[in-house]
Amino acid sequence: MAATPYLSVHAIQKHYGPVAALPGVDLDVERGAFVALLGPSGCGKSTLLRILAGLLDAEGGAIRLDGQDITGLPAWRRDIGLVFQNYALFPHMSVRENVRFGLDMRRITGAEAEARVDEALALVGLDKHLSRRPSELSGGQQQRVAIARAVAIRPRLLLLDEPLSNLDAVLRTKVRLELRELHDRAGLTTIMVTHDQAEALSTADRVAVMQAGRILQYDTPQALYGAPATAFVAGFIGSPAANLLPLSAAGPDAWLLADGSRWTPPATLAPGSAGVADRGDYLMALRPELLSLGERSPDGLPATIKAVEFMGGDRLVHVDVAGCALTARLSAVDRLPDSREVSLRVPEQLPLLFEAGSGAAARRSRVTNNKI
Amino acid sequence: MKPLNTFLLIAPAALLMLGVFLVPFLLLAVLSLWTLKPGTLSLDTSLTLANYARLFGDTYYLGSLWTTLWMSAVTTLACLILGLPLAQWIVRRAGRARGLLIGLVIIPMVCGALLPTLGLVNLLGPLGVVNGALKSFGLITSSLPLLGRPIGVIVGLVQAFLPLMVLPLITSVERIPLDYEQAAMSLGARRVTVWRRVLLPLMLPGIAAGGLLVFCASLTAFVTPQILGQGKVVTFASLAFQQASRVLDWPFASALAMVMLALLLVVAGLGAAVARFARRQA
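Chains as they are written, first to last, in the working numbering: chain A, 1 to 372; chain B, 1001 to 1282.
For the record, the hints were derived by calculation from the structure and aren't laboratory data.
A couple of the hints might just be wrong.
If you want a taste of the chain A side facing chain B, the calculated C-beta under 7 Å gives, among others [what the hints assert, rightly or not]:
id : residue
1  : 53
2  : 55
3  : 102
4  : 106
5  : 324
Among chain B residues calculated to face chain A with C-beta under 10 Å, some are [unchecked claim]:
id : residue
6  : 1088
7  : 1197
8  : 1198
9  : 1249
Glycine included, C-beta positions come from ideal geometry on N, C-alpha and C.
Take the sequences, apply the hints, and build the full model.
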């Protein structure tokens, strides 16, 4: 990013007792972007969100928003809209009163306040039950009210904390699309925290994958899928995620598998072609959807079928390769080999390799079509 | 559960309440309509409102009623002011500390009125801790008369009944998620505004319940005003005690008790109305 980013988070730290929730996080967000913080629970994504909102104090680092240092600014002066996971609607106020609350705080009254409330409610597509209490609304409606309430103050930044986690599966997919549409219509710079990668990948322009308080990779969804920076990201993104097959180089032509057996792959998949050292332990990332099964052959990976899951349009075939459990995703129309003893065929474009110890990429994919 | 079974389950408690609570009360109500034959201790059983006429016609009794009412009101207010922050503070503690603190709140309630009140005599007396401290700091030269004054009685009542305020408040504060405060703050509310617009309305049921309990308990308190008032602060309860056990005018004492009961019912009705209003708001 050439120009100063709209939101710049620099070296933010937070400890809970001796545990570093955030050892020093950097994050830049451009104006109007939709960014997702994605990671398993306890990875620090919600802590970061609360620090941005001013509800938690950072112990170090700085936050700049639109050219202003907001690090020490109290929450009520930040103009940052926050949508809580459980919505946190005020139970003693009607829908309209909830949405108007932020305007009351800004001494906006009368016709202007009413117009802004209407505008916010229209943005989330809510026009009924406006004088009801939140407890009389469905979960989906409550969430719309929560978003309308945050949007009504015309925030400089909209923060969404696990916005879909309290909705049922059908509604979740629908609201996912709506969130994106809302973002595009309102043009609000948005940061969403989620543990659900489908949510993050489908909605956000850029996704920050977090683990143990660190951002492992901050990239477009396509890049996260196609060129994961670490083994953790590869093993996290995708549904099911990429298989990580441990192997070590045994000369330029062959790999040693976990059980010590030797695999001599087609030349394009060999250690020599990967440009890695003769020795060393690696993890080979294999996307389930790019694998196929066939009769035993010398250059395929010897595999044993353990279980087959029928998923509708496709099947998940769980196989054992040298003691490691891998998953292949096959179309439901593909014929499975008769025998359980099969070969796992890896596409002959070189898969990503990660160093076994650090999980860092040993070699970037040469493939440009965003596939491993 | 079948209605009959339910009835059998509540029957023992219901019979007990009937025998030791309702029946004596009805007897009391009848007794209040009798009078003592002049100059004797024998009862004139013709029904009359003479006792009530005497009560409401005498400024001494009305004055005592007024003293009792305003001291109860001040006690309730003081308990509220002390109890609100205390309840919020306790609720925000972590598990073990919270249980301990709630236990500490309950202790004065279960150890009876006499012991703490006698302690307060030592604290508030002319040679007590408070006066001693004020003197040694040179703030006063002669002891402040704390005992035998409403202030002393109110201190005692607040001490005795604060748990009755704090416990319902804790219950209602516990039900307010921290998210509400944070949501209000993120929408631009300062701490004071968060408190006034969000927390206070949501605590209203607890405030109503606690207020009702403290007010009614203060209204009927006997031991505390008796000891700390030293006979100079005459509350309605001590008046009834006097009439019953010193003057032995049971019918008049009964009339005093009935007035107190009527007052309690009115206050309870008001409290229930506030609680209902608060629930509808929430």
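Tell me if the interface restraint on residue 1088 (chain B) is satisfied: Cβ within less than 10 Å of some Cβ in chain A. Since the shortest Cβ distance to chain A is 17 Å, the answer is violated.
When the least beta-carbon distance from residue 1249 (chain B) to chain A is tested against 10 Å, hint result: violated (51 Å)
Hint status (Cβ of residue 324 (chain A) to nearest Cβ of chain B, threshold 7 Å): violated (43 Å)
Hint validation: residue 55 (chain A) versus chain B, beta carbon distance must be below 7 Å. Holds or violated? holds (5 Å)
Closest C-beta approach of residue 1197 (chain B) to chain A relative to 10 Å, hint status: holds (8 Å)
Would the stated hint for residue 106 (chain A) survive a check requiring a Cβ distance to chain B of less than 7 Å? Holds, about 6 Å.
Restraint outcome when residue 53 (chain A) is required to lie within 7 Å of chain B by C-beta distance: holds (5 Å)
Verify the interface restraint on residue 1198 (chain B): the C-beta must sit less than 10 Å from at least one C-beta of chain A. holds (6 Å)
Interface restraint verdict for residue 102 (chain A) against chain B (beta-carbon cut-off 7 Å): With a closest approach of 4 Å, the residue 102 (chain A) hint holds.
The structure fails to meet hints 5, 6, 9 from the earlier list, while all remaining hints are met.
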